[in-house]
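In the order they appear, the protein sequences are chains S, B and L.
All residue numbers for the first sequence refer to the numbering used here, where the first residue is 36 and numbers rise by one.
All residue numbers for the second sequence refer to the numbering used here, where the first residue is 25 and numbers rise by one.
All residue numbers for the third sequence refer to the numbering used here, where the first residue is 108 and numbers rise by one.
The set of hints was computed from the structure by calculation and includes no laboratory data.
For every residue, glycine included, the Cβ atom is placed at its ideal position computed from N, Cα and C.
There's no promise every hint is true.
Said to hold, decoys possible - Examples of chain S residues lying across from chain B (beta carbon under 10 angstroms, computed): (1) Phe-122; (2) Pro-168; (3) Glu-170; (4) Lys-175; (5) Tyr-241; (6) Ser-245; (7) Leu-246; (8) Asn-250; (9) Met-307; (10) His-316; (11) Cys-358.
To be verified - Taking lysine-lysine and the DSSO-like style, the derived pairs with C-alpha atoms no more than 30 angstroms apart in a straight line are: (12) B/Lys-48 - B/Lys-89; (13) S/Lys-268 - B/Lys-93; (14) S/Lys-229 - B/Lys-111.
The primary structure of each chain is shown beneath.
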Amino acid sequence: MFKIAKENLSALFQLIAEKQELYLPVKAAGQTNFAAWDKDAQVDLDTLKTVKSAKDAFFPQSENLYNVTKKEKKMHIEPGALKEQDFVVFGMRACDVKGVEVLDRVFLADPIDSFYAARREHGTIVAMACHEPEETCFCKVFGIDAAQPASDVAAWMIGEDLYWKALTEKGEALTEAVKELLTDADEAPVEEEKEAVHAIVEKLPYMNLSLEGWNGDALKEKFDSPVWEELYKPCLACGTCTFVCPTCQCYDIKDYTAGESVFRYRCWDSCMYSDFTMMAHGNNRNSQMQRFRQRFMHKLVYYPANNDGMYSCVGCGRCVEKCPSALNIVKVVKAFQDQGGEK
Amino acid sequence: MQEIINRAKELLADGTVARVLGWKAGDLPYNPEPAYFENAEALSDFVYNGFCGANLSKYMIEASKLEGKTLVFLKPCDTYSFNQLIKEHRVDREKAYIIGVGCKGKLDIEKIKKAGIKGIESIEGAEISDAAETLKIQTIYGEKEMAYADAMLERCHVCKGKEHQVYDELIGESKETKDAELFAEVERIEAMSPEEKFAFFQNELSKCIRCNACRNACPACNCRKCVFDSTKFDSAQKANVDTFEEKMFHIIRAFHVAGRCTDCGECSRVCPQGIPLHLFNRKFIKDIDELYGEYQAGEDTESKAPLTNFTFDDAEPSIVGKRG
Amino acid sequence: MSIENKEFKPKIVAFCCNWCSYAGADLAGSSRLTYPADVKIIRVPCSCRVNPMFILRAFEKGADGVIMCGCHPGDCHYSTGNYYARRRMTLLFSMLDYIGVENGRTRVEWVSAAEGVKFSDTMNSFVEKIYSLGENVRLGDLRCKR
Chain S
36 MFKIAKENLS ALFQLIAEKQ ELYLPVKAAG QTNFAAWDKD AQVDLDTLKT
86 VKSAKDAFFP QSENLYNVTK KEKKMHIEPG ALKEQDFVVF GMRACDVKGV
136 EVLDRVFLAD PIDSFYAARR EHGTIVAMAC HEPEETCFCK VFGIDAAQPA
186 SDVAAWMIGE DLYWKALTEK GEALTEAVKE LLTDADEAPV EEEKEAVHAI
236 VEKLPYMNLS LEGWNGDALK EKFDSPVWEE LYKPCLACGT CTFVCPTCQC
286 YDIKDYTAGE SVFRYRCWDS CMYSDFTMMA HGNNRNSQMQ RFRQRFMHKL
336 VYYPANNDGM YSCVGCGRCV EKCPSALNIV KVVKAFQDQG GEK
Chain B
25 MQEIINRAKE LLADGTVARV LGWKAGDLPY NPEPAYFENA EALSDFVYNG
75 FCGANLSKYM IEASKLEGKT LVFLKPCDTY SFNQLIKEHR VDREKAYIIG
125 VGCKGKLDIE KIKKAGIKGI ESIEGAEISD AAETLKIQTI YGEKEMAYAD
175 AMLERCHVCK GKEHQVYDEL IGESKETKDA ELFAEVERIE AMSPEEKFAF
225 FQNELSKCIR CNACRNACPA CNCRKCVFDS TKFDSAQKAN VDTFEEKMFH
275 IIRAFHVAGR CTDCGECSRV CPQGIPLHLF NRKFIKDIDE LYGEYQAGED
325 TESKAPLTNF TFDDAEPSIV GKRG
Chain L
108 MSIENKEFKP KIVAFCCNWC SYAGADLAGS SRLTYPADVK IIRVPCSCRV
158 NPMFILRAFE KGADGVIMCG CHPGDCHYST GNYYARRRMT LLFSMLDYIG
208 VENGRTRVEW VSAAEGVKFS DTMNSFVEKI YSLGENVRLG DLRCKR
């Protein structure tokens, strides 16, 4: 266990950035999002949740898969570059870290996504424990400890110090690289902080959300439920929930024509959109109810069915905060509970 | 609020309306959702308070296709949108029973959170009947207070007024909330140098995540198939690959609603990244007012929109450079 | 013509209506009037056919300036098309100015089929303006510049 004074953090960032790329929460135009660090960046470690999750660091919103260029009369195909530079993502939260695990099970399963795998290989995660969880948080429901992120390096901001603990080999290596700025520290304040956070977590309104009945076996029962028909109605079919979500991993592959060259790229897609998984015969989900159902069935039924019961929701609460119609996964789960009670 | 619920029950009971479109209490103090109520029992969840900012006019497009009349609650500013939709034949006036509800300004939870208030357990003072000027917010980190006006949505600071433009009956009083000039922000940007303007918009738009919330919440954005969803040509770039994409999207989106936008402010309210999208729409409104005469979309259901109209001696496009 | 930066070869897109301006360009050619080859003409049935998206798309794909030419107001082949186009372009150009794009990069000029001289003069002065403004960096897609 090490620590570093808050005022020395910019020196720490500078040191990391000398050898590696560094991504961390940066405030720009009033909002905090993960961005590359530079000297003028307004680092914001106080905001609990960035608007977009940190999944961009491993699965960017858009990336080139390959480029086709015409040189004289020949076509040249140039595959998109895999990440080769080491990088550090600083300031993720426990939920975001779990979100990466969800993505791993998708992209690192056969067939392995080489773009994602390269990023995972070169990325080191320094996650910060939550100090003041908010009412929209429900990570505990998914077995996540907000005070103990399962990352390469776990960090706690306590008073004027940042406590630092390496948990993996990658974490050890990073610790070694910045050792000159760290000083040895006692574990006691961290234990105290953890307890304090756990006590707050117990008070949060969504803590007792029960996911009973949501599992891979419930497919038919949940799929056919009349509850969806009521639930989806306020949905405006925008993609806010999917784009701020740390675990949504659907993407579209598109071509961009730029005169003499064509870029084939992939970009995040949203199951809320009418052209999601559009095929030559049309769309296989042709009503908003079906699209709405897809999102939650994927998170709470299909994904667990294929991944040993692990949900693809981490309870970060971003959808709770950002949905224009105030819909969210919690309301969905609760609606099914109410329905169960009436039966 | 009880008055509203009682009236809704009456109208349901006597068969005037088949359903009610309103807001349903959420599971947090600040997140009521737009909802349909089919019977008196369901109305026990009905809520109308400071957080009911959603403009229900948009939902009336779908509701117009349903059997029977829908009772809808519209705030004064929402009625402009509804009128505009009538003009565009996107809603059926005959299918709607409109109760104009009073409004004392709607609240922006983002502003409350931006003020550092988190862990919210309850909020007092947001009820429509409350005369309270301050919000008392109980959080797990202690009790906080915030002036109601400071927590109001941007659009309420430039409120169009207390008058409902279209309604069958009215319930409740509205409050004057306007305390800023409509075009003040636009003028501030106009006064900037091109470099500053560019930096300002680049900074704001680079936050855009192309989630389409602004488009989908907008009552004027009601095309059956949006040009940005077209799979036929490459306008549907759905990604923020290049900074151009965001500029293209937001300019074209604002252009497509120019002359039809009532300035209801939904785009700015729903933007997850807090981009002041109303600045685009309001620029068009300002230009239209200055060049083609004052025009408020949604004020009536008959007049010709500025972009489907012309006069022989309209300003030439070169005026843009000359106005300075 | 003063060309400060000889390296810079601008790309200029001119939307010309079929009935007046395109014929005006024809007349300029048959009258052996000159205008820079940087101007690429796209013929449209009417100036009213020019969707604001066309203008932005042209900039996206690398244009440094976009000019739209149509019949003089009152002379539209379809009676009123150019009146609508005029309002649209005014608002669009104003918006581009508002977001910080140099307003000299866009222009509307009314050129009749008899105005070969006006066509060549217009193009000459517009190209000169674009040379003075330099490359369009604010409203282009980087992918098109690689």
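Results of checking the hints against the structure:
1. Phe-122: Given a least distance of 20 angstroms, the restraint on S/Phe-122 is violated.
2. Pro-168: holds (7 angstroms)
3. Glu-170: holds (5 angstroms)
4. Lys-175: violated (14 angstroms)
5. Tyr-241: Holds. Min distance 8 angstroms.
6. Ser-245: violated (14 angstroms)
7. Leu-246: violated (16 angstroms)
8. Asn-250: violated (23 angstroms)
9. Met-307: holds (9 angstroms)
10. His-316: violated (13 angstroms)
11. Cys-358: holds (8 angstroms)
12. B/Lys-48 - B/Lys-89: With a Cα-Cα distance of about 22 angstroms, the restraint between B/Lys-48 and B/Lys-89 holds, given a limit of 30 angstroms.
13. S/Lys-268 - B/Lys-93: Holds, because 17 angstroms separates the two Cα atoms, which is no more than 30 angstroms.
14. S/Lys-229 - B/Lys-111: Outside the cut-off at roughly 59 angstroms; violated.
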